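Build out the structure end to end from the sequences listed, making use of the hints.
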Amino acid sequence: MRITRLVSAAAVASALIVTSVAAAQTYPRMDRLSRSVFHELITLPYYGVFDQLGFEIDRGTVTLQGQVRRPTLKRDAENVVKRLRGVEQVVNEIEVLPVSPSDDRIRMATYRAIYGHDTLQRYAIQSVPPIHIIVKNGRVTLVGSVGSQMDKTVATMQARSVSGVFEVTDQLQLDEKSR
7 MRITRLVSAA AVASALIVTS VAAAQTYPRM DRLSRSVFHE LITLPYYGVF DQLGFEIDRG
67 TVTLQGQVRR PTLKRDAENV VKRLRGVEQV VNEIEVLPVS PSDDRIRMAT YRAIYGHDTL
127 QRYAIQSVPP IHIIVKNGRV TLVGSVGSQM DKTVATMQAR SVSGVFEVTD QLQLDEKSR
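Under the working numbering, read the sequence shown as residues 7 to 185, first letter to last.
No wet-lab data here; the hints were simulated from the structure.
Treat the numbers as computed from the prediction; the structure is a model and nothing was measured.
Take these hints with a grain of salt, some might be off.
Said to hold, decoys possible - Derived DEER-like restraints, expressed as beta-carbon distance ranges:
(1) Q132 x T78: 22 to 28 Å
(2) A130 x Q155: 32 to 38 Å
(3) S106 x S154: 18 to 24 Å
(4) M114 x G66: 37 to 43 Å
(5) E94 x S133: 30 to 36 Å
(6) G170 x R91: 44 to 50 Å
Glycine residues also receive a C-beta, built at the ideal position from the N, C-alpha and C atoms.
Right, dumping it as structure tokens:
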């Protein structure tokens, strides 16, 4: 059985389970190893709203995916997953985002635009905010989950309103509860 983990995906098919580190609503549907990997990744000390982590499990091999700001987070993710029972091999495909003062400014401005909006403020108080903001070379990708189509639209509009953003890619999913 192949279990695919992508940050921001939250769809379930019969033989293939797609879920998300950023979309915790699917947590109960995961098997033991998937729950362990999910838990370890989401509780990494420096994992935050500007990072995206995902994983794929295939017969004891865990492939880590995503994008992070800190090289240490890439290494930490691999190290915690290696120690889990049932993991035979870890393939680390996590991309470390380039250091860029311009991207840092866009990250903070996008965070304020999204989480400062009246409609979306309730998401900011969660321990792991569900809307992750990935910025690379002025391009913003929103990943994670929101409760309604309106929230998804507002988040995307807010990101597009930030000065210096070249492009916004919306990969936000709707919570299963809202479907």
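Could you tell me which of the hints above the structure violates, numbers in ascending order?
2, 3
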